[in-house]
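Peer 1: Top to bottom, those sequences are chains A and B.
Just so we're aligned, residue 1 is where the first sequence starts under the numbering used here, counting upward by one.
Just so we're aligned, residue 1 is where the second sequence starts under the numbering used here, counting upward by one.
These are calculated hints, taken from the structure and not from any lab test.
It should be emphasised that the depicted structure is a prediction, and the values quoted were computed from it without experimental measurement.
Virtual Cβ for every residue (Gly too), placed ideally from N, Cα, C.
There may be inaccurate statements among the hints.
Said to hold, decoys possible - Among the chain A residues that face chain B by a calculated CB cut under 7 Å, a handful are: (1) Tyr-47; (2) Pro-48; (3) Leu-105; (4) Leu-106; (5) Pro-118.
Each chain is listed here by its residues.
Number of protein chains: 2
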Amino acid sequence: MMRGAGSPVTGALLGLLLERPSYGYELAQRVDARMGPAWRLTTSSIYPVLDRLESDQLIERAVKDLPGRSRQRERIMYHATDAAPDAFARWMQQPVRKEPIRTELLAKIAVARPEDVPALLAALDEYERSCLDLLAAAGSAPAPDDAWLGVVAGLVAEAADQHLRADLAWVALARRRLREFASESGR
Amino acid sequence: MMRGAGSPVTGALLGLLLERPSYGYELAQRVDARMGPAWRLTTSSIYPVLDRLESDQLIERAVKDLPGRSRQRERIMYHATDAAPDAFARWMQQPVRKEPIRTELLAKIAVARPEDVPALLAALDEYERSCLDLLAAAGSAPAPDDAWLGVVAGLVAEAADQHLRADLAWVALARRRLREFASESGR
């Protein structure tokens, strides 16, 4: 059983650990490489998910001694258990539908008053900058050697790219409409 | 102070209650009308947010007697407090940036194995259907009379529309690439 299957991170971590065992920091880097910068992983956010997967007996930890002169003597490695492949297959089969489109920016626009136009225009500028940053960061990922990984990495990158470009087109429209309203109403 | 400002629902509810007092069910309908079907509001989800706004002293409840022969004798009305306008203005000024793009479908694609192609194709079909349903539902909203509300309603609707169309274009691409991979690798 995989609880919290509502969180896409849970399935992603289980999938990566089925490929091979990892320790926390490396696993976070693997998520980051696989999901791209628009996923905006925070490394610390993976630990509660790992704890959950462990209490569901889908992964287990093993302490690995580190050889040599490393300051760090040991490392906690996470391994998928025998129950993991079935849970992963069930997750893969679960229905998916479009997630809600609920953003802070849309909430602000929806309940703003005409006097909030300057604040909205500033918010649009910031939002646009963060979209452009993510677009630029996404372009720098190297293509994987493996043909299958190339297909999935391409699709994940393409999803972020199209989503961000749609956002940027919408920001331009929003800015224009808000400015038009402000000038027509003499504000 | 408005805690939980990370949730766009908090600001939206406060904004609507600043416009006029409402009771829970009506408020949920107002959110739904303002944010559109892609926001996918569940009525029950507003109550914890109202409780939070109340404990932050930004709204307060008043019991209103219902006249006449209604089976329901009273109703809990929520009103914005004197502290609400400042909290709302601060929320409106807060920086916004692009939210993470983290979906169940992208997580599945990113960690899928070649043998998962049939499950992914089924997931793409479902996802596409839910996008089409939201697009169709969005088209039916009446335009508000008020010029300002017309501008903001148009922008919120346009955001969902462009986002869903980008999704649909991506689904078509994903389906094509997965089928190509499957046929080239003889699966």
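Peer 1: Run the structure past the numbered hints and jot down the numbers of the failing ones, going up.
Peer 2: When the structure is compared with the hints, numbers 1, 2 and 5 turn out to be violated.
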